[in-house]
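Asker: One point on numbering: in full-length UniProt numbering, the residue at position 400 of the sequence shown is 400, and numbering is uninterrupted.
Since the hints were derived computationally from the structure, they do not count as laboratory data.
If you're wondering where the values come from, they're calculated on a predicted model, not measured in any experiment.
All C-beta atoms in this analysis are idealised placements derived from N, C-alpha and C, irrespective of residue type, glycine included.
Only true hints are included.
So the derived label-pair ranges between C-beta atoms look like this: (1) PHE45 to ALA3: 45 to 55 Å; (2) ILE444 to ASP269: 45 to 55 Å; (3) ILE444 to GLN723: 26 to 36 Å; (4) VAL536 to ASN285: 48 to 58 Å; (5) TYR53 to MET27: 35 to 45 Å; (6) GLN404 to SER72: 10 to 20 Å; (7) GLU345 to GLU231: 17 to 27 Å; (8) SER300 to MET27: 52 to 62 Å.
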Amino acid sequence: MAACGTYYRTSIRRVRRNFRDDVQREMAKTKLETDTETLEWINSFLVKFWPIYAPVLCTTIVQSVDQVLSTSTPAFLDSMRMKFFTLGTKPPRLEHVKTYPKADDDTVLMDWKFSFTPNDTADLTARQVKNKINPKIVLEVRVGKAMISKGLDIIVEDMACSGLMRVKVKLQLPFPHIERVEICFLGRPTFDYVCKPIGGDMLGFDINFIPGLESFIQEQIHANLAPMMYEPNVFPIEIAKMLAGNPVDQAIGVLQVTFHGAQGLKNPDKFSGTPDPYAVVSINNRDPLGKTKTVEQNPSPRWNETVNVVLTSLREPLTIQVYDYNEYRKDKELGVCTFNLEDLEKNNEHENLQLEVMASGRPRGIVQADVRFFPVMEGHKLEDGTVEPPPESTTGIAKFTVEQAKDLDGTKSLIGQLNPYAVLLLNGKEVQISQKLKRTNNPIWPNATKEMLITDRKKAKLGLVIKDDRDLAADPVIGTYQIKLDDMLDLMHKGQEWYNLAGAKTGRAKMMLQWKPVALKGALGGSGGYVTPIGVIRIHVKNAKDLKNLDTVGKSDPYVRVLLSGIQKRRTVTWKNNLSPEFDEVFYIPVHSTREKLVIECMDEENTGKDRTMGQIEIPASEYVQQGANGEYLVHDSKNKVIPAQLRMGASAPKGTLNFTCAFYPCLNVIDPDEEEREEAKARASMDTDPRKSAEIAPNGSTGARARSNTAGTVGSVNPADQEMKKALEAGEKEQTE
Numbered sequence: 001m002a003a004c005g006t007y008y009r010t011s012i013r014r015v016r017r018n019f020r021d022d023v024q025r026e027m028a029k030t031k032l033e034t035d036t037e038t039l040e041w042i043n044s045f046l047v048k049f050w051p052i053y054a055p056v057l058c059t060t061i062v063q064s065v066d067q068v069l070s071t072s073t074p075a076f077l078d079s080m081r082m083k084f085f086t087l088g089t090k091p092p093r094l095e096h097v098k099t100y101p102k103a104d105d106d107t108v109l110m111d112w113k114f115s116f117t118p119n120d121t122a123d124l125t126a127r128q129v130k131n132k133i134n135p136k137i138v139l140e141v142r143v144g145k146a147m148i149s150k151g152l153d154i155i156v157e158d159m160a161c162s163g164l165m166r167v168k169v170k171l172q173l174p175f176p177h178i179e180r181v182e183i184c185f186l187g188r189p190t191f192d193y194v195c196k197p198i199g200g201d202m203l204g205f206d207i208n209f210i211p212g213l214e215s216f217i218q219e220q221i222h223a224n225l226a227p228m229m230y231e232p233n234v235f236p237i238e239i240a241k242m243l244a245g246n247p248v249d250q251a252i253g254v255l256q257v258t259f260h261g262a263q264g265l266k267n268p269d270k271f272s273g274t275p276d277p278y279a280v281v282s283i284n285n286r287d288p289l290g291k292t293k294t295v296e297q298n299p300s301p302r303w304n305e306t307v308n309v310v311l312t313s314l315r316e317p318l319t320i321q322v323y324d325y326n327e328y329r330k331d332k333e334l335g336v337c338t339f340n341l342e343d344l345e346k347n348n349e350h351e352n353l354q355l356e357v358m359a360s361g362r363p364r365g366i367v368q369a370d371v372r373f374f375p376v377m378e379g380h381k382l383e384d385g386t387v388e389p390p391p392e393s394t395t396g397i398a399k400f401t402v403e404q405a406k407d408l409d410g411t412k413s414l415i416g417q418l419n420p421y422a423v424l425l426l427n428g429k430e431v432q433i434s435q436k437l438k439r440t441n442n443p444i445w446p447n448a449t450k451e452m453l454i455t456d457r458k459k460a461k462l463g464l465v466i467k468d469d470r471d472l473a474a475d476p477v478i479g480t481y482q483i484k485l486d487d488m489l490d491l492m493h494k495g496q497e498w499y500n501l502a503g504a505k506t507g508r509a510k511m512m513l514q515w516k517p518v519a520l521k522g523a524l525g526g527s528g529g530y531v532t533p534i535g536v537i538r539i540h541v542k543n544a545k546d547l548k549n550l551d552t553v554g555k556s557d558p559y560v561r562v563l564l565s566g567i568q569k570r571r572t573v574t575w576k577n578n579l580s581p582e583f584d585e586v587f588y589i590p591v592h593s594t595r596e597k598l599v600i601e602c603m604d605e606e607n608t609g610k611d612r613t614m615g616q617i618e619i620p621a622s623e624y625v626q627q628g629a630n631g632e633y634l635v636h637d638s639k640n641k642v643i644p645a646q647l648r649m650g651a652s653a654p655k656g657t658l659n660f661t662c663a664f665y666p667c668l669n670v671i672d673p674d675e676e677e678r679e680e681a682k683a684r685a686s687m688d689t690d691p692r693k694s695a696e697i698a699p700n701g702s703t704g705a706r707a708r709s710n711t712a713g714t715v716g717s718v719n720p721a722d723q724e725m726k727k728a729l730e731a732g733e734k735e736q737t738e
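Model the full structure from these sequences, guided by the hints.
Answerer: What follows is the structure, given as structure tokens:
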């Protein structure tokens, strides 16, 4: 009886404790869903930590902002710099937080109410009030030039803001276990400040006292912040990418929007008549990334066009704006339709979409389109953790970067110092302009980079033009450089980064190129384009000895396969129940670059389930592909040399030996298509400029009329700057060739 009583008391005590914990947990969860909780513990921490950290933060901000201001000074100012910056001694305050416990298992969702009111002294002690410093920013601008200039202080002080912000944390299994953090304002935050553009501290006048100006500035602030972080728009912070060392804004693929047409487009203005519609593609209503043709006098146009857009994120919506073209006035927006790019994570293709065009909350028609996403192709990850290079493709995304230049030719400036900026070119067309720096012959450009969609890598040519910024006169060309994309990839593989500028006495530029293949289908490039091989690698798989037995009963059924960039190219027949098979098979594998890697893998064939690996061997193409002094590929004939290689499986000890031979045979250049195209272009140009040759090929039935030139009746480029840049590029290309 005593034992039973003890057992009963212990059991009932455990039941009561568990029941009490369950009730408290459920009550706390219900309270979290309906109520908010204060954060006084973190506010008390900030009161003591803020005076220590704020000066360090302000110093960092001044250094960063000064660098930006030095490169963004308008032409009518001599210089701009941040003279003084402080956030005050009173820290920001977190009023309360609301948590949503019923969110997804991999999501943490919270609403944070914050405020930054440094002028409020109600919650400060007498000592804190005595030592209080208000926030203040002093921006010094110099008006005039050189010696004849005057510095003026623009003062912004007593800043304050408050708002309700939603914080969404997305979790993941791999380290650092936080994929990204998304923040947005649930409503318009409130701002307050005092701005004194003239007069300084003593005689300064707050411009907010001017009627209508304060509300105008507030609306401009909200108009700029709304597309970035006002709900439903979010501001993402890619934690995992940042800690992994990957650029947050790098391209992840190509978005292909195929416009079939539209139906029932209505003009908001009843007196504007039938619209002449065209569509513009952008991401979250930012800069236009592509547009369709204009169909005249048709509310239901048929475009049948494809627009390709390079994407850096799937977190923002795709925006399609429909406009009514007008020759004499500004084009009128008929409406906007959107597509959530996050839907592409589950399905890369969305066909026959009926996107509703909305204007002022009313439907104004339907746009019919297909949306497809082609991600960047990545290398195959092997079992030992190494990653193979991605497969070769003529279509992809090229990231062209000009980091800096050194020893630019200062003789083209009267004072010996240049105001240089870089113009990035693709096939002779301008694609990006860098910041315009001042008074330096060794510029470093922080934003001279461009990610471009390349539809034919063999014909793509990259270019760089460095110019000197002149306020009144035309900007002269300091130096140029042009190079084929394929040639630059080869030089990058060899480690070359600096290139001597053409058309200049001195000067060199540091350029970098990253290539990301994309298997783009549809309107461009077929299924990724055909890449001309540089030769073939001959692999003779002779036999294998003492392979690892993966079967519990009997012996494995081995075969050998050859992979190139993770894609299987060839395989042998399967030898049943044999650990020392005699394959004796020869394969010819086309290779396209020295950067490729071949993998010879021995597999165990399974009747049910996936075939299992018995080990593999890696063969870098660069070991067999060599180039001569003139750049031609050399024969590497070693087919009589048998290579006994041990098969490896991850980090485990090697087991089994594969005997094979390997040789390389380059392709013979029978005809160069690029050279043929250049010869045809020269022939056409000579016929256009020589009227006698044109007359000779005129039809016999013509009445003395000469053949019309292809360029007759057209107006050439009359922009002097474009003509000068074109001449400089031609002269620079000739100099590079010599």
